[in-house]
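Could you put together the complete structure from these sequences and hints?
Quick mapping for you: the protein sequence lines, in order, are chains A and B. Numbering (the working numbering) for the first sequence: 4 to 461. Numbering (the working numbering) for the second sequence: 4 to 461.
If you are wondering where the hints come from, they were derived from the structure by calculation, not from laboratory data. Take the hints with a grain of salt, since some may be wrong.
Since the list can't tell identical chains apart, any single copy or any two copies may satisfy a pair.
Stated by the list, open to error - In silico lysine to aspartate or glutamate, EDC-like type, Cα no more than 16 Å apart, as pairs:
id	residue 1	residue 2
1	170	205
2	363	284
3	70	106
4	170	180
Everything numeric in this text was worked out from a predicted model, so none of it was measured.
Protein chains: 2
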Amino acid sequence: MGQETKYSQEEILELRQTQFAEALRKADAAKANELYEHIHPVDLAEAMEDWEEELLSRFCGLLEDEKLAELLEEADEKLQVELIHKLDNSRLLKIFGFMQKDDIVDILGNLRINRRKQLIDLMRAGERKIITELLGYDEDTAGGLMTTAYIALNGQLTVGAALRKIKEIGPKTELIETIFVLNHQKQLVGTADLRDILIANDTDTLSSISEEQVIYVEPETDQEEVSLLVSKYDLNAIPVVNKRQVLLGIITVDDIIDVIMEEHTEDMLQLAGVSKEETIDSTIPESVRRRLPWLCVNLITAFLGSFAIKSFEHVIAQVVALSATMTIVTGLSGNSGNQTLSVIIRSLALGELELKGSWKLILKQAAVGLVDGIFMGICTGVIVAMIYDNFYLGCIIFGAMVCNMMIAGLSGALIPLVLKALKQDPALASSIFLTGVTDVLGFFIFLSLARVFLPFLL
Amino acid sequence: MGQETKYSQEEILELRQTQFAEALRKADAAKANELYEHIHPVDLAEAMEDWEEELLSRFCGLLEDEKLAELLEEADEKLQVELIHKLDNSRLLKIFGFMQKDDIVDILGNLRINRRKQLIDLMRAGERKIITELLGYDEDTAGGLMTTAYIALNGQLTVGAALRKIKEIGPKTELIETIFVLNHQKQLVGTADLRDILIANDTDTLSSISEEQVIYVEPETDQEEVSLLVSKYDLNAIPVVNKRQVLLGIITVDDIIDVIMEEHTEDMLQLAGVSKEETIDSTIPESVRRRLPWLCVNLITAFLGSFAIKSFEHVIAQVVALSATMTIVTGLSGNSGNQTLSVIIRSLALGELELKGSWKLILKQAAVGLVDGIFMGICTGVIVAMIYDNFYLGCIIFGAMVCNMMIAGLSGALIPLVLKALKQDPALASSIFLTGVTDVLGFFIFLSLARVFLPFLL
Numbered sequence: 004m005g006q007e008t009k010y011s012q013e014e015i016l017e018l019r020q021t022q023f024a025e026a027l028r029k030a031d032a033a034k035a036n037e038l039y040e041h042i043h044p045v046d047l048a049e050a051m052e053d054w055e056e057e058l059l060s061r062f063c064g065l066l067e068d069e070k071l072a073e074l075l076e077e078a079d080e081k082l083q084v085e086l087i088h089k090l091d092n093s094r095l096l097k098i099f100g101f102m103q104k105d106d107i108v109d110i111l112g113n114l115r116i117n118r119r120k121q122l123i124d125l126m127r128a129g130e131r132k133i134i135t136e137l138l139g140y141d142e143d144t145a146g147g148l149m150t151t152a153y154i155a156l157n158g159q160l161t162v163g164a165a166l167r168k169i170k171e172i173g174p175k176t177e178l179i180e181t182i183f184v185l186n187h188q189k190q191l192v193g194t195a196d197l198r199d200i201l202i203a204n205d206t207d208t209l210s211s212i213s214e215e216q217v218i219y220v221e222p223e224t225d226q227e228e229v230s231l232l233v234s235k236y237d238l239n240a241i242p243v244v245n246k247r248q249v250l251l252g253i254i255t256v257d258d259i260i261d262v263i264m265e266e267h268t269e270d271m272l273q274l275a276g277v278s279k280e281e282t283i284d285s286t287i288p289e290s291v292r293r294r295l296p297w298l299c300v301n302l303i304t305a306f307l308g309s310f311a312i313k314s315f316e317h318v319i320a321q322v323v324a325l326s327a328t329m330t331i332v333t334g335l336s337g338n339s340g341n342q343t344l345s346v347i348i349r350s351l352a353l354g355e356l357e358l359k360g361s362w363k364l365i366l367k368q369a370a371v372g373l374v375d376g377i378f379m380g381i382c383t384g385v386i387v388a389m390i391y392d393n394f395y396l397g398c399i400i401f402g403a404m405v406c407n408m409m410i411a412g413l414s415g416a417l418i419p420l421v422l423k424a425l426k427q428d429p430a431l432a433s434s435i436f437l438t439g440v441t442d443v444l445g446f447f448i449f450l451s452l453a454r455v456f457l458p459f460l461l
Numbered sequence: 004m005g006q007e008t009k010y011s012q013e014e015i016l017e018l019r020q021t022q023f024a025e026a027l028r029k030a031d032a033a034k035a036n037e038l039y040e041h042i043h044p045v046d047l048a049e050a051m052e053d054w055e056e057e058l059l060s061r062f063c064g065l066l067e068d069e070k071l072a073e074l075l076e077e078a079d080e081k082l083q084v085e086l087i088h089k090l091d092n093s094r095l096l097k098i099f100g101f102m103q104k105d106d107i108v109d110i111l112g113n114l115r116i117n118r119r120k121q122l123i124d125l126m127r128a129g130e131r132k133i134i135t136e137l138l139g140y141d142e143d144t145a146g147g148l149m150t151t152a153y154i155a156l157n158g159q160l161t162v163g164a165a166l167r168k169i170k171e172i173g174p175k176t177e178l179i180e181t182i183f184v185l186n187h188q189k190q191l192v193g194t195a196d197l198r199d200i201l202i203a204n205d206t207d208t209l210s211s212i213s214e215e216q217v218i219y220v221e222p223e224t225d226q227e228e229v230s231l232l233v234s235k236y237d238l239n240a241i242p243v244v245n246k247r248q249v250l251l252g253i254i255t256v257d258d259i260i261d262v263i264m265e266e267h268t269e270d271m272l273q274l275a276g277v278s279k280e281e282t283i284d285s286t287i288p289e290s291v292r293r294r295l296p297w298l299c300v301n302l303i304t305a306f307l308g309s310f311a312i313k314s315f316e317h318v319i320a321q322v323v324a325l326s327a328t329m330t331i332v333t334g335l336s337g338n339s340g341n342q343t344l345s346v347i348i349r350s351l352a353l354g355e356l357e358l359k360g361s362w363k364l365i366l367k368q369a370a371v372g373l374v375d376g377i378f379m380g381i382c383t384g385v386i387v388a389m390i391y392d393n394f395y396l397g398c399i400i401f402g403a404m405v406c407n408m409m410i411a412g413l414s415g416a417l418i419p420l421v422l423k424a425l426k427q428d429p430a431l432a433s434s435i436f437l438t439g440v441t442d443v444l445g446f447f448i449f450l451s452l453a454r455v456f457l458p459f460l461l
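Dropping the structure here:
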């Protein structure tokens, strides 16, 4: 690394990727396998997304099994499927031999059911059992995330014996820093830190140096809850146990980071009514298909707002100024409600909140809306009264603003909390529902006030 | 753990917290210190946020230094400051002796400048140097996140010697799984996995088993970029080096998770124009103060929309139906634009995108808006034409919808990209700017079309 500092990390990377592709084109297996060692599989997988068919075939043909295994783990779903199509079952099983069980399960999950069955049937009985079990868990739960590549040792083992086991199993595990301590019933009774094992006396038992307080989850636990626990307790892995406290697997922190990223993407997209599967790489028809459903819901809320206005057409016909000013009320309330919405959805995502017992919070958000409404109402009222030279129009807009901003605060808190209580994603198109409420009520309140004070407006 | 499964993890926790507070009230130091071992410091810190002054004082008086150190690391800023107020400088220095340098720096950063200076002056020269250096880095950069508690060894060391060093330094480090390998100039030349060290021959050199491809950052690197690298390469720590490749510190994955959580909260809140410091615990005046600035910006955009309508008052006066239908155009376009906005902001946060070279993407989003606009325009046009029994009104709303949804797609992509290019947070109130654009242009386009076709509407 020392002498390469003249080039940036990116430049070196690009150079190596080009050399690697060149070696494949020349069918130089030795060179390709050697160059592979100098590229991070994550970067290679990224570059391969743009490769032509021919080069991918070469890659599968020339690279060693272990390297293919590593690359498959890092490849995105599309590339994974492409590569697997080029590999026959016996080769694939050899490659699986170099992979963690949870990664094998992820790959199997992306395959057609026929191919998946073929592969599972070809596995050794022991492996088949674990894989089938792991495939049974929902992808979004602790069971779907966990790996079986951990070190679990009996607490009665001496430190010396434990260390020998660790040296033996270590290379095949995802985590070595934490050793899971079991009793004779295979129940999880604690964790031991490798640091403590390294400095303890060879004759101490593992139990004597282990930590008995363990944060654990069950296989059914939702991945979002798992990620909150890992983040809260700064864990590098969290064990998954069954009801009888028997250790089933562990979830490592790198998978948790992926979960956190995924959940946040989901929150942000769903808030606006976009399917969580949409990315900037989605094609136009895909994007349209994923957004139209919520726009249709929006069409309904928009027409409700329109009907609210329509029922006051005779009032507007007499005072056209109402038409230009009513949108100020709804526009500001909509955005004000969205402010509340984002604070509440964020708290829900961080696990700080639930509907039960949150009436105080809802009232507080309504109060914030009220205060913001008074401020904005005064500003708007004064400006409108001056522009239209009509004191009463200013008063009407002030009153409507205060009421509607309070409603916006209330709805901004209520909508996500209710969605959550209904076991829906609290972000699910809540912005569309919110502006529906603030538009319909905003127009209604403003125009009702206008009708009452109509004589003063003419 | 085995026999406690009758109680849930939460119940056990609550029981222990009560016992602990009880021991403090009785000033039973031995009992309190013993009970402390059975509560996770994260949970204790959380419970302590609700404790009265008196109990906190007791806690500081009765608990051992090492335990106080642990708790201070987990406490939130408010609790930290409260506890530190109850500790004198000499005690605090003893407590710092049990803490990681990066945590000490975080605490010092929260103190008044006087107290901070006093404490730094009282430190030993070596420690003072490191702390002052760390305090010099911006909180949001790699330098501000890094810790100096890592294991770095010379590559020429034999595995046997390395293992002895690891046993010696290990207990004081945050990470033991990865050993950083240096050359004689203290430059980072690779990393060694503890697994490989454990199984290698005692006489091998560390260099011979180390991985030379290291992903690293510089101390000035922004924390968001650091978190993207850690997440992309599934790292458990990332080294921080200076321009000469000399290792300065490492950032561990638990701090990265905090960064990711923080950055996402920021994105979601700023999108709606809420200060990133707002939480559900903010008081009403705090919330109001943090939201009003962007509502004021919104007031301006709302008045711009209002002026657009006002300039067509003579048209509306003749066809009042326009007043009720124009809001359908702006409402749908606003939400459609927000869909694009959320996809783009999410991609920016995941580091997948920048303004340069993204014109294709911007056009694609405009195209999605156009197609969605055609669908929604047909629906709205047909319904409106039927309700008002006027074919031309339907055509006008169709035309306005198509144009404005396309503009919404364009703006939804452009606004965050431009904010990013201006080195602003791409989420910064972009929703408010977006609805500003879609409202003003939506009203303008719809009412302009209406003016052109006015004879057919009467």
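Status of the hints after comparison with the structure:
1. 170 <-> 205: both (15 Å within a copy, 13 Å between copies)
2. 363 <-> 284: between (43 Å within a copy, 11 Å between copies)
3. 70 <-> 106: within (15 Å within a copy, 40 Å between copies)
4. 170 <-> 180: both (12 Å within a copy, 13 Å between copies)
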